[in-house]
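Student: Given next are the chains, with one letter for each unit.
Protein chains: 2
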Amino acid sequence: MNRSVVFRLLRQRNHKLNPARAFSSTHAAFRAKAVKVDSTMATLTTKTGQTVDRSSLESLVRRRLFFTPSFEIYGGVSGLYDYGPPGCSLQANIVDLWRKHFVLEEDMLEVDTTMLTPHEVLKTSGHVDKFADWMCKDPKTGEIFRADHLVEEVLESRLKGDKEARGQKVVVDEEKEAKKKKKVKETKVVKLDDAVVAEYEEVLAKIDNYDGDELGQLITKYDIRNPKTDGPLLPPVAFNLMFQTSIGPSSNMPGYLRPETAQGQFLTFQKLLEFNQQQMPFASASIGKSFRNEISPRAGLLRVREFLMAEIEHFVDPEGGKKHPRFEEVKDTELSLLNRDVQLSGSTKTEQMTIGKAVEIGLVDNETLGYFLARIQQFLLKIGIDKSKLRFRQHMANEMAHYAADCWDAELHTSYGWIECVGCADRSAYDLTVHKNKTGAPLVVRETRPEPLRIEEWQVNLDKKKFGPRFKKDSKTVEAAVEALSQELREKLALDLQQNGKIEVDVEGVGNGKVELDKELVAIEKRERVEHIREYTPNVIEPSFGIGRILYSLIEHVYWSRPDDEARGVLSFPPVIAPTKVLLVPLSNHASFRPLLQRLTSKLRRAGISNRVDDSSASIGKRYARNDELGTPLGITVDFQSVKDQTYTLRDRDTTKQVRASEDEILQAVKSLVDGDETWEDIRKRLPEFTGQEAE
Amino acid sequence: MNRSVVFRLLRQRNHKLNPARAFSSTHAAFRAKAVKVDSTMATLTTKTGQTVDRSSLESLVRRRLFFTPSFEIYGGVSGLYDYGPPGCSLQANIVDLWRKHFVLEEDMLEVDTTMLTPHEVLKTSGHVDKFADWMCKDPKTGEIFRADHLVEEVLESRLKGDKEARGQKVVVDEEKEAKKKKKVKETKVVKLDDAVVAEYEEVLAKIDNYDGDELGQLITKYDIRNPKTDGPLLPPVAFNLMFQTSIGPSSNMPGYLRPETAQGQFLTFQKLLEFNQQQMPFASASIGKSFRNEISPRAGLLRVREFLMAEIEHFVDPEGGKKHPRFEEVKDTELSLLNRDVQLSGSTKTEQMTIGKAVEIGLVDNETLGYFLARIQQFLLKIGIDKSKLRFRQHMANEMAHYAADCWDAELHTSYGWIECVGCADRSAYDLTVHKNKTGAPLVVRETRPEPLRIEEWQVNLDKKKFGPRFKKDSKTVEAAVEALSQELREKLALDLQQNGKIEVDVEGVGNGKVELDKELVAIEKRERVEHIREYTPNVIEPSFGIGRILYSLIEHVYWSRPDDEARGVLSFPPVIAPTKVLLVPLSNHASFRPLLQRLTSKLRRAGISNRVDDSSASIGKRYARNDELGTPLGITVDFQSVKDQTYTLRDRDTTKQVRASEDEILQAVKSLVDGDETWEDIRKRLPEFTGQEAE
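Residue numbers (the working numbering), protein chains in the order written: chain A, 1 to 696; chain B, 1 to 696.
Hints listed in this document are in silico derivations from the structure and should not be mistaken for laboratory results.
Just so you know, even glycine gets a beta-carbon here, dropped at the ideal spot from N, CA and C.
In silico DSSO-like cross-links for lysine-lysine, where the CA-CA straight-line distance does not exceed 30 angstroms: (1) B:Lys671 / A:Lys603; (2) B:Lys382 / A:Lys289; (3) A:Lys100 / B:Lys622; (4) A:Lys603 / B:Lys331; (5) A:Lys603 / B:Lys382; (6) A:Lys603 / B:Lys387; (7) A:Lys100 / B:Lys382; (8) B:Lys438 / B:Lys476; (9) A:Lys514 / A:Lys502; (10) A:Lys123 / B:Lys289; (11) B:Lys492 / B:Lys514; (12) A:Lys436 / A:Lys130; (13) B:Lys206 / B:Lys160; (14) B:Lys657 / B:Lys603; (15) B:Lys603 / A:Lys100; (16) A:Lys622 / B:Lys271; (17) B:Lys100 / A:Lys100; (18) B:Lys221 / B:Lys160; (19) A:Lys289 / B:Lys130; (20) B:Lys160 / B:Lys140; (21) A:Lys323 / A:Lys349; (22) B:Lys289 / A:Lys271; (23) B:Lys323 / A:Lys603; (24) B:Lys271 / B:Lys436; (25) B:Lys289 / B:Lys389; (26) B:Lys100 / A:Lys289.
Covered stretches of chain A (chain B as the covering partner; in silico rule of three or more C-beta atoms under 8 angstroms from a C-beta of chain B): (27) 89-97; (28) 103-109; (29) 247-254.
Full structure from sequences and hints, please.
Tutor: Written out as structure tokens, the structure is:
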């Protein structure tokens, strides 16, 4: 049983023991969309069986300008990254495919709402009060620490020192250690009491659940200080993770940069329902930047302050089991599921199961949730995610917001552990309800019942003429109290009235709190009421995608290096999302190649296939190696033979094999490969292989 | 000569008279990208010759959810808009076409840099100090006015009152007046002295050029008060238009939301140059949101606080006349040019001219600028902009930043007047230079000269051994003074040295400010220096697109209403950017239509053609009318005949004509129309017309 599972288990136990956790569990749920870096360490291997060497990969990503830290020439700002040309194109291709796969395929209503959001909206949604982390300040140095991270680091370091003192082998993640050393002083080799070890282990297990006061108590109790200077720290204070600003020239309209795109969609619900001609269910979708002012961002693209999200809000009738009309199409999709009970039992063993079965046995709450899980997997596989490094993990009860029915995360396995990249939650009617209550806007569906609803109920009739003179100024209060009587009570009172000719009703603030009403004033009868319109607040199923995290994980999944030369990295993006589809390589800078290159490039462009010419003076081999790192799947070489007979060689990035054929055949093959109609194997079978130059 | 031209003329004169304007002209240039609503009133007509009725159009745009004010259920926030499904799709299609037309066509290096920007970067760029407007506060009511707008409104209102008092006819823009009335009290009919009228006219003419002090003096001099309450106002203070926030948990890193995407591109220059294998020229590009905290946003999408920009930074060698390798391809493109001299002469008459000629005669400064003007026009026409409502206006000298060489705006004619939608400026080496000077980062190009440069120059040699003992602590100062001598002075001193055996050099702070050096200490000779590397800071040509403004103007350009029924609006978007390409309309809800609809929709989707089914119970005519307003160019009707023989009718939005043919023929026609290979006229000629139902 690995450690994180023990933690989770303890956490769960703790949650059950202490119902007061309900609040911090909501709090945790607010953060859930942000970050869930499962620290499970496991050696990650490439598809060729090599160990993923993160530092080589990071160097490639930087060298080829996929993304780099922002504002580097000004010293940088942590948690902010810029995408260079290949990263930007990769991101655009992922977004484009996302839009086709979800929005167009299902006629979703895409909206683009503003990032600037006034205070009141996020106050209502709960973000102003709950979207926060706890931080501690060193009053002397001014340094700021995220309280839970600090406690975690210090106690882990002490436990490590204890293990060393006991002469136990300490498994070390070297890179992590190297980073830590910059922050934390050398681990002290000090043996701890067994009881202290147990206490520390328990604290670490519960670390996600402490509130500020509790973290402060831990810091005092265990004398936790600034690890670098040993200086004492101030007690933890809440730090809201939203970037605050002020809208307009007067300072009376505080606002924030949105922490998620969801709120903008909820506020537009009414207009969207009308646009959809009042038809339910429907989904809205939004692709855009969101912002979180992390206290101490780390782990590269996985925890950043400004990031691209793609979110779907699928609005569904809460009655009728949340069926989905297209569930049939996906029901045989096999998913790798890590369910709540398995986690509780202390295991992380996933189970292969069709989504049809998972919904049937109630493991996944409903068809709509299940439908999206399957669609999420289809999308991730399409862009090139390695299926063996994808799992769906069900949230534990205490991870979810109190209102959520069920929640699954699509997690991707990377060198940082299992990373939450897509969350798929049932947000119930929570958001629409709070905004409706706050503003009075009818964020509801009103539909004519196919059959009017006939309701048998106890109705109370007051004789208003006699009522007023009798109760005078208290009339309204008494009337309201009577109207508020439950059906149950009405039934009982009807009997009283029949038997005694009078009833007694509790009315706060009138007389002694009890009021007597006789037959003259009141009648209670069972009658039928007919309801023609049904009004309800839809529930929301929300698949929420962190595009940056998916992009980073994808790069790790498609990365490998040539077995014959480890320095030569390759990114095997599927053609559909590769930043550039085709590299055009003239043998040299010779003028006779230019018209051919121009014709090829313009023909490819007209076919909508992105391509680049590399006519630098480097050898053909070097130029291809560079583009293997950029993930360009295809290469066309233009040589002197091409000038003579308009034949070209076409090279496959992954196998480095080449074929040679006429211009038309080559272009047709490129199109067919990019569209996914044929594989390289198909092409190799039908076009003659070429085994000439790829001079290194 | 219309009034705005008089104003411009006066402004220009003012600028020439008063060189102190240079600063406010920089200031104005900083704002130039933001807003330039030319108030020239002119009746705008649709392509069918109808007057554009803005209120009908606004109602359509709102009804069909192209865009609506954000946070409406919370009372709204001015200057913020949400795009609904058709607006969002229109925006995505415009951006997609932009990317193809510019980025892919020219191998530009697209980047995606962060919106959050630390203080120091925007301090260096000049935005912290200069990107501001002047505002006045009413201390009693707390209301805030943009100072220049307030002076303008009040003086214009007084001039109007004067005209009425003189019995002159006042031309009234009713809508503008209606809006004003809400803010300004009833115009007082008061006759003014002729001298006062002249003074007011002059002030209005110069209104863009006053700084805060001057605006304050005007407010005092003319006793300008809060128009609603007549209360006095505080003096104007500068209000920076950037949204401020704080990055990270400590408050020591102030930051802003970027006001333009350009800075992020400049900061990445060095990495991009390396990515481009040191080859010049090249362009970077970026599509993303920018932010401006307008004091009082108005004019709908034309002046907003959060907006989508698409910017290109084309880096070019300042030497060699800024030629462009592809200028030849565009040189015959005819543009409608409104040049600086024509504006100076008091006219707004545009001239049709090929860009080749404009560059040749020096009207447009260089080929690169000219190339982009032509490409901008091609882009705007592709998305459906009416060529007769497009002009390129050259900036007046005082509109440009002090460093700019030339600047042209693509302006679109709308019901708000001529609107600047694309700016195309030569920013020279300004931005790269200031960031280089601030950070020391080598934002330069270093290239090996094809031929080494041999420079004859006067070199000074000091005998360091004797120099030190002689000047002791002053050695460094004297040495620096000698090194700093100009070539001219060196030549003169060489002669002195030869003639007198000694020279006298000015050295501030040493002795009496003059130092004598003899032949023992110094030698000055003419020698040759050989320079192998050339280092230069590239100039930047910047086409900058306001996507929201283009989108709004486009909607006005393609809007018209059916002559036989003015209530039926039509948006004639070209198929390539229409939000939805095809509407599928079953005759009724009959079950037999469903399989046909499913087959059509999935075939269209596979061909990448967006489509929607409208199976609501409204009549076919009503359903088509709704989609005419959404700008859907094509409609396919599925009727009982379709069930029998798989033939369908295809309807053209603009003519409402229909043809009927087999499924394959219809789908092929749709593809051909959407791809722009055929026009509706072509289709009508080859497929049989259908004149059956379009029941209203």
